[in-house]
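Chain order of the listed sequences is A and B. With the UniProt record's numbering applied, the first sequence corresponds to residues 1 to 416, in that order. With the UniProt record's numbering applied, the second sequence corresponds to residues 1 to 301, in that order.
Check before you lean on any hint, since a few could be wrong.
In the PhoX-like style, the derived pairs of lysine-lysine whose C-alpha atoms are separated by at most 20 Å in a straight line are [what the hints assert, rightly or not]: (1) A:K342 to B:K174; (2) A:K290 to A:K342; (3) A:K268 to B:K49.
Because the hints were derived from the structure by calculation, they are not lab data.
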Amino acid sequence: MNILKFFTAGSVDDGKSTLIGRLLYDTDSILADQLEALQSSNRKNDDGTIDLAILTDGLRAEREQGITIDVAYKYFQTDKRKFIIADTPGHIQYTRNMVTGASTANLAIILIDARNGVVEQTIRHSYLVSLLGIKHIVVCINKMDMVGYDESVYNSIINKYQVLAQQLKLVDVNYIPVSALKGDNIVQNSEHMDWYEGESLLHFLEKVDTDNLDKSQLARMPVQWVIRPQTEELHDYRGYAGQVLSGTFSLNDKVTILPSGASSTIEKIEFFDQAPTAAHAGQSVTIHLKDDVDISRGDTIVNASALPQDSKLIEADLCWMDGRALDTSIMYLIQHNSKVTKCKVSEILHKVDINTLEKHPADEFKLNDIGRVILKTADALAFDLYDDNRANGSAILVDSRTNLTVGALMFRAAVE
Amino acid sequence: MSTYNFDYLDELEAEAIHILREVAGQFEKPALLFSGGKDSITLVRLAEKAFRPGKFPFPLVHIDTGHNFEETITYRDKMIERIGERLIVGSVQESINQGKVIEQTGKNASRNALQTVTLLDTIAEHQFDACIGGARRDEEKARAKERIFSVRDEFGQWDPKRQRPELWNIYNGKIHKGENVRVFPISNWTELDVWNYIRREKIELPSIYFSHEREVITRNGQLMAASPFLNMDDDDLVFRKQVRFRTVGDMSCTAAVESEATLIDDIIDEISASKISERGARLDDKVSEAAMEDRKKGGYF
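Could you build the full structure based on these sequences and the hints that come with them?
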C-alpha cells in the first residue's frame with residue numbers, strides 16, 4: 001500500500017468541498033462523533049440533507065463565510081491506498097494557497113461545473129497544475145444532475161478542455177462526469193449515466209500509477225545534519241544524514257560533494273539498526289564516505305556521473321506570496337533544500353496573466369503574481385531543472401526583514 | 001535499476017525523520033514535548049532513527065499536570081533511562097503554587113487548560129526556539145490547516161490567518177527573538193497509521209492503552225477513571241469496568257472506552273471498526289465547535 005497525494009482545484013461554487021466531503025462520507029471516513037457535530041450544525045442543503053462541505057471548513061472564519069481560505073489536509077484510506085488531500089481555495093485571491101497545496105501533490109483534480117463548462121478559473125487552475133509540474137490530472141465534470149446527465153454536455157466540455165490541455169502541455173488528462181451532491185461516479189458508478197464506461201473517481205484514484213518511486217538517475221542527497229557522537233567507542237564516526245531527493249545511491253558509488261566539488265565513494269549506508277546496500281528516493285538515511293572531506297549542512301551529495309546545474313544565475317518561475325510586493329533592490333534569502341543563501345531578483349522577464357495565459361512585461365510583482373525572473377544568488381546552488389527533477393528544482397524566497405516565506409520558485413534554466 | 005519496497009509507513013517515517021533533522025539543523029535550542037502518550041512515544045522512536053548513534057540534539061520536555069496516570073510516569077522514567085536523554089519537567093502544580101494559574105472548580109474541573117501557562121513558562125525559562133509535538137492533522141479540523149512548522153508569537157499564539165505558505169518539503173524556521181516554532185513531524189499520520197507503526201516497530205506503550213479493570217464513574221455520558229483528581233460527589237456512582245484509554249492526557253479530562261483489547265492487534269481491529277474519533281474521548285474538545293482553534297490561538301500545543 002502506498003500514498004497518493006492529490007489536490008483539488010475549484011471554487012466553492014463548483015462543489016469542491018462537497019466532492020471531498022462525498023469522498024470521505026462514501027468511504028466511511030467520517031466518524032460518528034464528527035457526523036454528530038455535523039448534524040447539529042445549522043448549515044444544511046436545501047433538501048435538509050447534511051451539507052458535506054462543512055467537513056472541510058476548519059476555521060471559524062471559513063465556517064462563518066462558507067468558504068475555504070487556507071489549505072486543509074484531509075486523510076482517508078481504502079484497502080488499496082492511503083490518500084492525502086490538499087483541499088485548496090479556488091478564488092484568485094488565494095492563488096498562493098493553491099500553489100502551496102499543489103506543491104506536494106502528484107495528482108490534481110480539476111472541477112468544472114457542467115452548466116458553465118471551461119471558464120476563466122478552469123484556465124487558471126490548469127495553468128497552476130502545469131506550472132507546478134503535476135503529471136496526472138482528473139477533470140471532474142460536476143453537477144451532471146443539473147444538466148440532466150446529458151452526455152453531449154460532457155463531450156463538448158471535454159472537447160474544449162483538450163484544446164487547453166494541449167496548450168499547457170498537460171500529458172495525462174482523464175475525464176469523469178460526476179455529481180458530488182448526489183454521489184454519482186464518486187465512489188459508486190452512477191446509475192444515471194450508462195453512457196459513461198470509465199471508472200468512478202475513487203476507483204481511478206486507487207489505481208493510478210503516480211511513480212511514487214523516482215526512477216531518475218539523478219541521485220541527490222542534501223546533507224541536513226552531520227552525526228558525530230564523539231564518544232570513545234565512536235570516536236571517528238562521521239555520518240551524513242539526509243533524505244534522498246531523487247535517484248539511488250549504492251555502496252561504492254562515486255559521488256561529488258557540492259558546492260566544494262570534492263569527490264569520494266560511498267562506504268556505508270545506515271538506516272538506524274540496518275545497513276542497506278542502497279538508498280533510494282524518499283528514504284531518510286545516513287551516508288558514510290571513504291574520504292575525510294569537509295561536509296556540513298547545506299552541502300549536497302550527488303552522483304558523480306550525473307551532476308546537477310551549478311550556477312549563481314538562475315532563470316526561474318516565481319509565484320509571489322506576500323502582501324508586501326517584490327523589491328528588486330533588496331536582498332532576500334533563498335532556501336533550496338537544506339541550503340540557505342542570500343539572493344536578489346535581478347530581473348523580471350515577464351508576468352503571466354493567469355486567466356488568459358498571456359505574458360506581459362512587468363516591473364512589479366505583487367501578491368499572487370506569477371512570472372519569470374532571473375535570480376542572482378550569493379553561493380552557487382546545486383539544482384536541477386524543475387521539469388527534470390521537481391524535488392531538486394524548487395526553492396522558496398524568505399524576506400529577512402519579516403522572516404516570511406514570500407515566494408515559490410521553480411528553476412527553469414541556469415543562465416550562462 | 002533495483003526495486004525496493006517503500007510502503008506508506010516507510011514514506012511517513014522518512015518524512016518525519018526529515019522534519020526532525022530540519023529542526024536540528026535550523027534551530028539553536030529545540031525541545032521535544034513528551035506527554036507519555038503514543039504519539040510522543042512514536043516521536044521518540046523517530047528521533048532515534050534520525051540521530052542515532054548520536055545523542056538527540058534536544059531534551060525531552062514533559063508538562064506535568066500533576067494529574068497523571070501513574071502508569072504514564074512509570075513508563076516515562078523507564079524510557080528516559082533506556083534512551084539516556086535529558087528530561088525537563090514543567091510542573092503545573094508549581095504554576096498553581098506560584099499563583100500564575102488558578103485551579104478550576106466544579107464538576108468539569110481539569111488542569112488541561114492550565115498546562116498552556118506552564119508550557120509557555122518552560123519555553124521562556126529554557127529559551128526554546130522550537131518545540132516538537134506529536135499533533136496530527138486528522139485529529140481535529142483546526143489542526144487540519146496547521147503547518148508542519150507552525151510559528152507562534154512570544155505569547156505562544158497561533159494566528160491561523162497569518163500562516164506562512166509551506167511548499168514542497170521546504171520548511172522555513174526563521175523567527176524573530178522571542179517567537180518560537182511548534183513542529184509537528186507526524187502531521188500527515190492518522191491514528192491508525194500511528195498504531196500500525198507502533199505494531200511494526202514493536203514499540204512498548206504505557207499499560208493504560210490496553211484493556212484493564214478500573215474503577216470508573218460516568219460523566220457527561222463518558223467513562224472517567226475515578227481518581228482524587230476528579231471532583232466527585234455523592235451522585236457519582238463508582239463501579240468497576242474493563243476499559244482502556246485511546247489517548248493519554250490529564251486524568252480529569254481523558255475518558256476511557258470499554259474494551260477487551262489486550263493486544264496491539266486487538267486495538268488495531270477495534271480502531272478500524274470504531275465509529276468514534278480519538279478526540280471524541282476528550283472532554284476538552286466538546287466545549288464548542290471552535291474549541292481547539294481557540295486553545296491553539298492561546299498557545300496550546
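Notebook entry, point to check: Hint by hint, which ones does the structure fall short of?
Noted result: Per hint list: single violation, 2.
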